[in-house]
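A.B. asks: Now for the letters of each chain:
There are 4 protein chains.
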Amino acid sequence: MIIVLKPNATKKQIDHLIERIKALGLKPMVSKGTERTIIGVIGSEDVLRVQPLEVIPGVEKVMPVLKPYKLVSREFKPEPSVVSAGGVKIGTKEIVIMAGPCSVENRQMLHDTAKAVKQAGARILRGGAFKPRTSPYSFQGLGEEGLKFLREVGKQIGMPVVTELMDARDIPLLEQYADIMQIGARNMQNFDLLKEVGQSRKPVLLKRGLSATITEFLLAAEYILSQGNFNVILCERGIRTFEDQTRFTLDLNAVPVIKKLSHLPVIVDPSHGTGSWDFVGPMAKAAVAAGADGLMIEVHPNPEVALSDGPQSLLPKTFTELVKELRKVAVAVGRTI
Amino acid sequence: MIIVLKPNATKKQIDHLIERIKALGLKPMVSKGTERTIIGVIGSEDVLRVQPLEVIPGVEKVMPVLKPYKLVSREFKPEPSVVSAGGVKIGTKEIVIMAGPCSVENRQMLHDTAKAVKQAGARILRGGAFKPRTSPYSFQGLGEEGLKFLREVGKQIGMPVVTELMDARDIPLLEQYADIMQIGARNMQNFDLLKEVGQSRKPVLLKRGLSATITEFLLAAEYILSQGNFNVILCERGIRTFEDQTRFTLDLNAVPVIKKLSHLPVIVDPSHGTGSWDFVGPMAKAAVAAGADGLMIEVHPNPEVALSDGPQSLLPKTFTELVKELRKVAVAVGRTI
Amino acid sequence: MIIVLKPNATKKQIDHLIERIKALGLKPMVSKGTERTIIGVIGSEDVLRVQPLEVIPGVEKVMPVLKPYKLVSREFKPEPSVVSAGGVKIGTKEIVIMAGPCSVENRQMLHDTAKAVKQAGARILRGGAFKPRTSPYSFQGLGEEGLKFLREVGKQIGMPVVTELMDARDIPLLEQYADIMQIGARNMQNFDLLKEVGQSRKPVLLKRGLSATITEFLLAAEYILSQGNFNVILCERGIRTFEDQTRFTLDLNAVPVIKKLSHLPVIVDPSHGTGSWDFVGPMAKAAVAAGADGLMIEVHPNPEVALSDGPQSLLPKTFTELVKELRKVAVAVGRTI
Amino acid sequence: MIIVLKPNATKKQIDHLIERIKALGLKPMVSKGTERTIIGVIGSEDVLRVQPLEVIPGVEKVMPVLKPYKLVSREFKPEPSVVSAGGVKIGTKEIVIMAGPCSVENRQMLHDTAKAVKQAGARILRGGAFKPRTSPYSFQGLGEEGLKFLREVGKQIGMPVVTELMDARDIPLLEQYADIMQIGARNMQNFDLLKEVGQSRKPVLLKRGLSATITEFLLAAEYILSQGNFNVILCERGIRTFEDQTRFTLDLNAVPVIKKLSHLPVIVDPSHGTGSWDFVGPMAKAAVAAGADGLMIEVHPNPEVALSDGPQSLLPKTFTELVKELRKVAVAVGRTI
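Going line by line, the protein sequences match chains A, B, C and D.
Last residue of the first sequence: 758 (our numbering), numbering continuous.
Last residue of the second sequence: 758 (our numbering), numbering continuous.
Last residue of the third sequence: 758 (our numbering), numbering continuous.
Last residue of the fourth sequence: 758 (our numbering), numbering continuous.
Derived by calculation from the structure, the hints in this document are not laboratory data.
Hints may be right or wrong, so weigh each one.
For identical chains, the list gives no copy identity; a pair is met inside one copy or between any two copies.
Unchecked claim - Using 27 Å as the maximum straight-line C-alpha spacing, the simulated DSS-like pairs for lysine-lysine come out as follows:
(1) Lys443 - Lys510
(2) Lys482 - Lys616
(3) Lys482 - Lys453
(4) Lys433 - Lys482
(5) Lys488 - Lys569
Only a predicted model underlies this, so the values are computations on that prediction, with no experimental measurement involved.
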């Protein structure tokens, strides 16, 4: 940690600061520059994290040197992690497609969609039973009944299933019915929820918050790993910006940035990220080219009557065509689907 | 709701669309313009909200006419709401100051701070027992012990208390120990939590999410009101933008905007909004001038050793001076503190 | 244009509004809904654009139906435009790579870079002679001398050249020395400059402003086309968001969005967009997969000593490897490089 | 400047780096920490600014210690600057109101507005002759004729005038007709324009760019001061964020932040900042309370027929009422209007 002093910091202030640093068991190294005095602090920055040194008189700013996360970092674990869910591995050379309807609406529709996406090449079935909806008047999901449909259809068709967890009290249900527990963007900093899925060993798909920096995203994952659950898959799904032609701004830059900083697998959700079915194809291809380990895509047999997110869902036929094109891009970057 | 058709929409597509609108029990009114056909839809837009008409072939865009919230709106209730918490009224001519430490650290420190802020003019005591922290390695709060200290000190000093709720399972605890349950920015769209505090009758202080539009903020409040709890206080606490000289961008525009759209009281938190104690004073004054019904300000007797958010806390002495200045601004805009 | 009235609009207000609409030579169509009165206005919206109907008493909001641009739109010209610059066509099946140093620093360095990027597969040489720098103390470019070097080297190596125009008074110089005049992100809404390049017939590469919506970006291009210059190439180069791991947030969503709305060719600049050489490769591949018509990439033989933007420049060797990989992705999406 | 090395930096890399630092005439100070080696660099950071040390192998990041601007900083000049324009001083205890129509539309309207705003308490007359408009089809201003009207009316009523400069070629015109040259938000980084107004001695009102950080805003002012013109007034006018209930997000935090960092006077434009007349009053009061040295407010005798920005203009009567209320707030914070 580097502490930059104000140009007019007094000797008394500097001495007080040095004393406090030593009191924390750390070693200060003072450099007097032409315009500023700077103090480098040797020792574990963890100790410093809880100490707001910025407020000590004479201090202009404190610049941390180390990253605030550990277990999720490449430095902690240089080789990429592979997460295994219901027999499907995420984080290998093979790009894994998760597809299905936004919400589980009924058994038949789920079955038909699952059959179609599996045939097209998807490996994991997605479908929401608990739905986080901006308006209290929107469809809120089928709840446990939806989970049951999901498990049944997954078994029948032979696909592991991923579904959203909104409340820690539902973890036992999810552990029973799902192969991957999804934490949605709006719960990315629901820290109690993060800690509790951290105590499970079930794989967790963690979506990036709408206004989360990549550092905060990795810190949210760190919450889960710090409880012992290393089976975390990160998912970029769009951030909030001023642009309004897309529902969110899908930030594909996050893919190479996270790959550099962390060993965890990263997938991309172009359906929520763009909010519009006609942008899903180009952005899915771009995600694969950027190095994503997987994709999450909404497919609905009849978007006109979908109970949620119809405008961003692909028809099974369009999805099938897309997977064919994605395969070519995957091969071009040395991977498979 | 207005439906704008694509310039090349076919008669067949238009007929299909009209049919669907009628099937929903609504009345379409078709206007053929020089460049576009437009369909106005008469009837309750609630029905339309669940129907993604955008996906029907030939439709270019769907423009809702009505606001998506009801119970929180000025149209539903034109006169301003007053929320009463432990005998203090929020939403009247009197501007209510809530002050105290970021976290409850121990009994003594809380007591000293409470005494000082009460004497300065604060009416409600704040203090966190459950702390939402970006890093899993930061101080996470004292939990129930903190709640007990808060209740005891509040009683002793004679101040109602507000504290953050992070998990729905803690509602019984909060109902017992607190006068106002705070929902933090990171939980603003934790919809399960919103629904459950909606079933309580305890006042709720709802903080705006970091990336929440004002419409989404009002919809989050609507979740609470829709469950029957009308005792909601809204709190602007800064949004995420590109600017990095302040921790967040405190959006004071939200005050007059919400006052126009909603009957709910609005307060402002300049401590979290700016993240820096030396900006708290100017922004607190600005908030009062902009029409806020209250302020939430962090005060700590010794920010150097605070376990959280030291850099944004005021010393009791500075706080006392600030309240004096705030009183003058309040009077200038026809209010009191 | 649709005008939504306030719920309590009086008959007198409505009559006044209708009168004003008729005075503009337009035809109002009034629909009385269950909760609101709505007036659709038939006729050219151009007339309406200058009339702030929002301020007329009783009006709640005015919703334009048509897009605010014309000449740049797909509706005006459904087939994609091809811009020809010094014999190279942009907007065809072939993806065009523009490469070179950020700034022209001297003749030799430019020549070596040009030779290397041409051999690797770049078709157009980039290099700045006038540099828009955030700080007045940074290197400001060689000016006309730089333009001369650029033209000489371009001729020698056989590559058309693109360089930035910052001041309308330099248009004659650029017309003499360059094949494409670039308008930088910070000048995207320098409307006088846009109008004057609109009067030239030289191709213009228009970069998206840091905070420009896609609509504003297209309106900036409309300024150029409206003066008669249809040779416009659009360039996505990153927008400003809260994320700080990348210098800007390269918004690849803009590629399919613009392709849908406009006939103009779109290229992507991953060097400025990410600000970091190690993210240039993945984002360049993603841009090609998303449907970009070209790329602009910074290459410098010795980034350590570059006078500007060293951290985001590729070494010639790395660039050569990248083009090989880009070719594979191009083929995967049915194109060539 | 602090250079943080990668955890695995080799001795050879460190030696190379130290050599380069010495070659720049600077003194490296190496600290080997438990997890990282850090090099502090003593000497003028100006030299370092042009050297992209980030690209040298083994370097993880470079953290500047000093601010990138000088002449505009409080450190360079601790006491606040006062700018004098046509006899009116900006930056004193008196808060200066600049008011008038968005565009100069004709002589009569300008005269009536000027008379009204002067009587209400405005000290400086604003009015645009050259208009930066997002759409090429919007009213572009009266040009020189508008400037003449402005000068005539200003003289007649006895008010200095401020008007926008869009093109460096118009500086002689502005020097003749105006008392303050305004540089609009969209030209804040039009560096050639900044340099040329820097060579004038006429006061410059510099508006913050829509996506400019405060650091970039101060660097833009530094361009002007570095050419010798110290008569610069800064103007906060709203930044671009995701919020859409206001046209921009007026960032009042910028007022105390700039006051801390710079000696230049700061004013606020709530009309453009909010885009809606009914938010102008609350935000103007908030700006005064936050410490602004002045306000810029749009007033139009008949917003219904305004050729630009009607929705955000106040009627003269409303403006007169507002100034009365602003006076009370000014007094409350120890100032006058």
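A.B. asks: If a hint holds in the structure, say so; if it does not, say that too.
C.D. replies: We went through each hint and held it up to the structure:
Taking the shortest Cα distances, Lys443 and Lys510 never come within 27 Å of each other, neither inside one copy (48 Å) nor across copies (48 Å). Proximity of Lys482 to Lys616 under the C-alpha cut-off of 27 Å is found in neither arrangement, the shortest distances being 32 Å within a copy and 32 Å between copies. For a Cα distance limit of 27 Å, the shortest separation of Lys482 from Lys453 qualifies both inside one copy, at 16 Å, and across copies, at 21 Å. Taking the closest pair of Cα atoms, Lys433 and Lys482 come within 27 Å of each other only inside a single copy of the chain (18 Å); across copies the shortest separation is 32 Å, beyond that limit.
In this homomeric assembly, Lys488 and Lys569 never come within 27 Å of each other (Cα to Cα): the closest approach is 42 Å inside a single copy and 36 Å across copies.
In this structure, the earlier hints numbered 1, 2, 5 are contradicted, and the remaining ones agree with it.
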